[in-house]
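Here the structure of chain P is known, so what remains is to put chain R in place on it, guided by the hints.
For reference, the chains in residue letters:
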Amino acid sequence: MKMRTLTAATMAVVMGVSPALADMVFPSLSYRTGPYAANGIPFADGYEDYFTLMNERDGGIGGVPIKVIECETGYNTEKGVECYESTKGEGALVYQPLSTGITYQLIPKSAADGIPLHTMGYGRTSAANGKVFNTVFNYPANYWNGASAVVNHLLDINDGDIKGKTLALVYHNSAYGKEPIRTLEELAKKHDFELTLLPVDHPGQEQKSQWLQIRREKPDYVTMWGWGVMNATAIQEAANIRYPMENFIGVWWSGSENDVKPVGEKANGYKALNFHGVGDDYPLYDDLKKYVYDAGKAAGAGDQKGTVLYNRGMYAAMLAVEAAKNAQEIHDTKEITPQQMRDGMEALVVTQATMKKLGMPNFGPTFKVSCENHGGPGLVTVNQWDAKAGEWNQITSYGESDMEVIGDLIAEDSSAFAKENKIKEACS
Amino acid sequence: MLYREVGDFKTTYQADGQTFPIAFDRYRYYAVMLFAFAIVPFLLNDYWVKAIALPFLIYSIAAIGLNILIGYCGQVSLGTGGFMAVGAYSCYKFMTGFDIYIPGGEEWVRYALPPLNIFFSVILGGVMTALVGILFGLPSLRIKGFYLAVATLAAQFFLVWVFNKWEWSFNYSASGQITAPERFLFGHAITGPNTEPWATYLFCLVFVTILAIVARNLTRGHLGRSWMSIRDMDIAAEIIGVNPLKAKLTAFGISSFYIGIAGALLFSVYLGAVEVGEVFGIQKSFLVLFMVIIGGLGSIFGSFAGAAFMVLLPVLLKNVLVGQLGWATDIAAHLEFVIVGALIVIFLILEPHGLAQLWRIIKEKLRLWPFPH
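Chains as they are written, first to last, in the working numbering: chain P, 963 to 1390; chain R, 84 to 456.
Just chain P, same shape as in the assembly (with noise of 0.2 Å):
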C-alpha cells in the first residue's frame, strides 16, 4: 500500500516536472472561396505567415509550439458554426472569425465557452464595453470609431464645417454594413450634415440602381461599407458615374489593394480608412522572407505579402501572440488556457517600443485595453490609393474618434444586451 503511493508520489512528480507541451492552438476561421475571397485569402494567409515565423524563428510562443486549424467557412454563417464546434475541441485559444455574421453567433457560445474572440475592426461594436462582454474584444479599433473617422476626415477637408454637406453612405446590406448607421446618424445632428442610405444586398455585384441615385443626387461625400466583390463593383460604378474618387471615402474593409486594382487608373485618389500601416517595409519582412518565404513556408499561395488585408491578417495574429505572452506571464505558466487568454487580452498593452521590437516600428497606434474598455482608443487613418504608382499612402495621422457620441451609443447598445441576456455589468 504504502509502495503504491510513493509510486503514485513519484509519477505525479515526475509528470508535474516535464509535463509534455501540448501546443497552442489558434484556429483560424478563414473563407478562400466564394464571393469574399478575395478579401478573405489576404487575412488569412497573413495570419497563418506569423504564426509559421513565430514557430520557426522562436520556437512558438515561450517555447510552446502554435499550431493553427484552419477551417473554411466561405463567410458563411452555418459553416462557421461547424467549425467552431469542430475546433474548439482543440484547446483553440482564441477565435477571430472575420465575419461580422459568424460573430454575432460566436458572442453568446465564446461567453458560455469561456473562449475570447477577438474583433479586429468588425463585429459587435458595443462589444468594446468589457464589463457586458467579458470575452469579447475588438481593439484597436471599431465601426463606430470608423464613421466617426469619415466625419472627422470630412471635417478636416473642409475647415471644421460640414453644415448643409450631403454624405451618402453605400453599405453591404447586413449587420456588418448596418453597424455604423446610427453613428452617422448621431454624427448627421451633430454637425448638421444630410445622411443618404443606400444598401447593396448580397454579395454586391448588383449597384447599378445605387449609383444612378449618387448620380442623380449628387452627394457632396460617398462613403462605404462593404466588401468582397462589392467593393471593386462600387469603385468601378463610381469611376463609370465619372465620381471624384477623393471624395469617396471607404472603410478599412473596403480598402484593399483587390478592390482597388480592377478598377485601374480611374481608381487613382480613392480613400480608405485604416487602423495599421501599410506596405512591407519593416524589419519584420526580413524575418519572414528568411523564415517562412524563403523556406517555402507560406500560407496559400504566398503572393499577397505586403497588402493591406495580409498585414491586418499579420497585425490580429501578432497582437493574439503578444496576448498569449501577457497571459503566460500573468498566469506564470507556458500552456495557457483560453480563460487566461482572456486575462492576457485584456491586460495587453501595445505601445511603439513593443511595436518596435516586434520588428514593426510605428505599424499600429498605441493602446491599452482594460476590463472597462476593450475596443482600444479607436485611433484611425486615412489612406488614399496611387494608381500610377500601385500603393496606399498614409495621408493622415492616426487620429482620434469622437468618443463622446460613441461612448453614448456603445453604453446605451451594450445596456440593452446586457438586460435583454440578463448579464450584471461588472469588472472581474
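Worth double-checking, as some hints may not be accurate.
[Claimed, not checked] To spell it out: a stretch of chain R is covered by chain P in this simulated footprint if at least three of its residues, at any positions, have a beta carbon under 8 Å from a beta carbon of chain P; those stretches are:
#1 269–279
#2 361–375
[To be verified] Below are the DSSO-like pairs computed for lysine-lysine, each with C-alpha atoms no more than 30 Å apart in a straight line:
#3 Lys248(R) / Lys1127(P)
#4 Lys248(R) / Lys1381(P)
#5 Lys1170(P) / Lys248(R)
#6 Lys248(R) / Lys1180(P)
#7 Lys248(R) / Lys1152(P)
#8 Lys448(R) / Lys93(R)
#9 Lys1151(P) / Lys248(R)
#10 Lys1330(P) / Lys1029(P)
#11 Lys1125(P) / Lys248(R)
#12 Lys1319(P) / Lys1296(P)
#13 Lys1152(P) / Lys1093(P)
#14 Lys1384(P) / Lys248(R)
Hints listed in this document are in silico derivations from the structure and should not be mistaken for laboratory results. Backbone N, C-alpha and C fix where the C-beta goes; we use that ideal spot for every residue, glycine too.
Structure of chain R alone, referenced to chain P:
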C-alpha cells in the same frame, strides 16, 4: 427470405393499411426510433449535434414540407428560403413577446404579449408561415409550372426584403440581426449558448417525428389523394370532383407550416442568430429543392434521404479531405462543390426518381431474395 409479406397475416383493416406492412420493415422502424430516442442522446457531443444532427433534422422538416408541395401536389415553389424566414422571424417575435403599437394620445403605445414558451413559439412560427404561404399560394390557382416558380421566386425576394427593411420584425436591433434569447423547456435550455446537446437534439427530434408521421398519414388520406390527383392532371381531378382551390391552398398552407417550423428551429435552436439575407437567401430555396429532388419527389423517406445527402456529404468530404488527408482548405472546399455537384448529376442520370426510388428497387429485390425467379 425475411423480407416479405407472405405469412404476415392482417386481420383488421387498420393492420392492413399501416405504413409498414412488412414485419421486417416495422421492426426496423421501431429499432430506428428506439435508437434515435434512447441511444443517440447519450452519444452526442457539441460537434455532432451542431454540425450533423440538428441540420439534418431541421432540413428534413423543410424537405418534407417542400415535398408535400412539389412532390405530392405538383406546385413548384422557389420561395422556401423566404418562408423559412417567416417562420424564424415569427418565432423570434413570439419568443421575445409579440408586440403591437397603437396610437394613443401623444405617442404610440406598445402592447405586448408576454414571451411565449419556445415550443409554442416554434408552432406559432409555423402557423404564421402557413398563413403567408396560403397568401402566396393564391396565384397557383391561375398559373402553373414555370410561371408559378417565378411567382414564388418573387415571394422569396419580397420576404427577405421585408425582414431586412421592417425594423419591427427584428425588434429595432441596430444590426438588423435577430438573436435567440435563452429559453427553457422543462427546466432545460433549448436555445441560447448554454444548451445541452441532447436537449436540443430531442427537441428537434420530437418535432421531426410528429411532423413526419402526420405528413405520412396526410399524404395517404383523402387530402393526399386530392393533392396527387391535382399533380397528375388537374383538369381530370376537377371533373371527378376534387376542389382545386381547397387542394392547392391546403398544400401551400401545410407545406409552409412545415417549412416555417424548419425555419424557426433553424434560427432558434441551431444557429441562435440570423441575418435574413445571408441565411434565408435564394440559396436556401435551392438547397431544399435539391434535397427534395435528390431524395425523391413524393416520398417522405426521400425527404430524409435528400436532407441527409445534402447536409452530411459536405461535412463528410470536408472531414476526409482536410481532416484525414490534410489538404488545403480552399482546394478541399472547391473540390467539395465539384464532388457534390457531380454526384447530383450522376444520381439524377442513373436514378431520376431519387434516392427513394433506389430504396424501392432494393426493397423489390429483397422481397425475391434469395430466389429471384
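Hints versus structure:
1. Proximity of the stretch 269–279 of chain R to chain P, defined as three or more residues with a beta carbon under 8 Å from a beta carbon of that chain, is established by the 3 residues found.
2. Judged by the Cβ-Cβ criterion of 8 Å, the stretch 361–375 of chain R is covered by chain P as claimed, because 3 of its residues qualify and three suffice.
3. Between Lys248(R) and Lys1127(P), the direct Cα distance comes to roughly 26 Å. Compliance with the 30 Å bound is thereby established for this hinted pair.
4. Simply put, Lys248(R) and Lys1381(P) have alpha-carbon atoms about 25 Å apart, close enough for the 30 Å limit, and the pair holds.
5. The suggested pairing of Lys1170(P) with Lys248(R) holds, with an alpha-carbon distance near 20 Å, which does not exceed 30 Å.
6. In summary, the hint linking Lys248(R) to Lys1180(P) is supported, as the alpha carbons are separated by about 24 Å, within the 30 Å threshold.
7. Proposed proximity of Lys248(R) and Lys1152(P) is supported: the alpha carbons are some 26 Å apart, at most 30 Å.
8. For the suggested pair Lys448(R) and Lys93(R), the alpha carbons sit about 23 Å apart, so the restraint of at most 30 Å is met.
9. The suggested pairing of Lys1151(P) with Lys248(R) holds, with an alpha-carbon distance near 23 Å, which does not exceed 30 Å.
10. For the suggested pair Lys1330(P) and Lys1029(P), the alpha carbons sit about 27 Å apart, so the restraint of at most 30 Å is met.
11. Restraint check for Lys1125(P) and Lys248(R): the C-alpha separation of about 29 Å stays at or below 30 Å, so the hint holds.
12. The suggested pairing of Lys1319(P) with Lys1296(P) holds, with an alpha-carbon distance near 21 Å, which does not exceed 30 Å.
13. Taking the CA atoms of Lys1152(P) and Lys1093(P), the gap is near 28 Å; set against the 30 Å cutoff, the hint holds.
14. In summary, the hint linking Lys1384(P) to Lys248(R) is supported, as the alpha carbons are separated by about 28 Å, within the 30 Å threshold.
Taken one by one, the earlier hints all hold for this structure without exception.
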